[in-house]
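Visitor: So you can see what is in the structure, the chains are spelled out below.
Number of protein chains: 2
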Amino acid sequence: MFSNIKVISFDADDTLWVNEPYYRETEAAFCELLTKFHPEKFVNTELLKTELKNLELYGYGAKGFILSLIETALKISDHKISQESIGEIISLGKQLQNKPLILLDGVEEILDYLKTKNYKLIVATKGDLLDQERKLRKSNLEKYFHHIEVMSDKKPENYRSLLNHLDINPEEFIMIGNSLRSDILPILEIGSQAIHIPFHTTWIHETVADDNSQLNNIVKCKSLIELKKMF
Amino acid sequence: MFSNIKVISFDADDTLWVNEPYYRETEAAFCELLTKFHPEKFVNTELLKTELKNLELYGYGAKGFILSLIETALKISDHKISQESIGEIISLGKQLQNKPLILLDGVEEILDYLKTKNYKLIVATKGDLLDQERKLRKSNLEKYFHHIEVMSDKKPENYRSLLNHLDINPEEFIMIGNSLRSDILPILEIGSQAIHIPFHTTWIHETVADDNSQLNNIVKCKSLIELKKMF
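Each protein sequence line maps, in turn, to chains A and B. When you line the first sequence up against the numbering used here, it's residues 250 to 480, in that order. When you line the second sequence up against the numbering used here, it's residues 250 to 480, in that order.
If you are wondering where the hints come from, they were derived from the structure by calculation, not from laboratory data. Mixed in with the good hints, there may be bad ones.
Identical chains blur together in the list; that is why a pair holds if it fits in one copy or across any two.
[Stated by the list, open to error] Within a straight-line C-alpha distance of at most 30 Å, the following computed DSSO-like cross-link-like pairs (lysine-lysine) qualify:
{"no.": "1", "residue 1": "LYS387", "residue 2": "LYS298"}
{"no.": "2", "residue 1": "LYS348", "residue 2": "LYS324"}
{"no.": "3", "residue 1": "LYS302", "residue 2": "LYS369"}
Take the sequences, apply the hints, and build the full model.
Guide: This is the structure we're talking about:
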């Protein structure tokens, strides 16, 4: 099905292992801390606003997320949130960074399979450098990958530099990931191929509008194991 | 003087541009916020303790630093620091990330000179991925460098993977930087060469004990321009 491919690139968070559900747990605990000021829905809406405002400066990852939690708590409580609760938010952040690494179904089986087919496998992940390195180490998957690229963002230009760096043409590259916004659409834009494997939980910022016309052309798999049929 | 060198690698913060003085400014403003609880010296000592405790989890860079400032403020004020002051710390962090980029003397002249001599120039910097990319963009120095490596740490094993990635031998690599601990000693340990260019302000964690016997073998320059004599 994909004949010219040399490099198969995997997104990491929610493609190889569980990530977003941990953020949701942290958000739920955060809403609890603010429950005497505002209902959960309002807190989540305000948090998203703060995160998006700070995204250019903080980038993706746990530390920027925690700073945005603290900023939101101060703002929406009119600076009345207790100092103890702020200490609690810092602890929630540390717990988030130390969550266990849980691989998604079939990860090792499919990496093993693709490796024996002589594809070059890489990880292309966005987020905090140290956190992503830590997760990769915990995952025990390092041995499968030729290269790990932690990217500050996943826009077409970021992928173009990655291809440059790997010294390959767009048609030799395929990206596999759970985020339409980060793993699929920018890849199609640069003329590479992509396979979308949806995950049950997605940060709203990573979703795209249903009427996006490009969505019709996207190759989808229900799970990693289905990739076997394609390579 | 250095005959087999193929790749010259520059540290960035306080080697190519000003960094540490901005952290000192932020620390001074932080001490001001805590002045009614403790004298400056105590605040700085406690801050360093928190930073070192968090280093393995947070890594290097502004966001982890700000989280450590907030944690320290809560701890040493016995949770009595005002919520407004915590908001102020978050603002100090954003100001730190948005400081102007000031090149050190002679940067462009020496990069130009080395480039005409056909060395491959790279940047090997530690810290936050997005912050370092942002600084490099502001610096207008991207055109000189073949490769930018943002590293989560600068231990011998980190440099070994860098050499692997660049596909060169240790004796073909030289590192230039201001930190004995991060840019010089680990480089000597892997059998590469290094040139130390001290900067007037150094974070205490980046210093090494004066009686370290390896310090006798280190090549030093007073400024970047002096490198001309060596290549």
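Visitor: Return the numbers of the hints above that this structure violates; sort them in rising order.
Guide: 3
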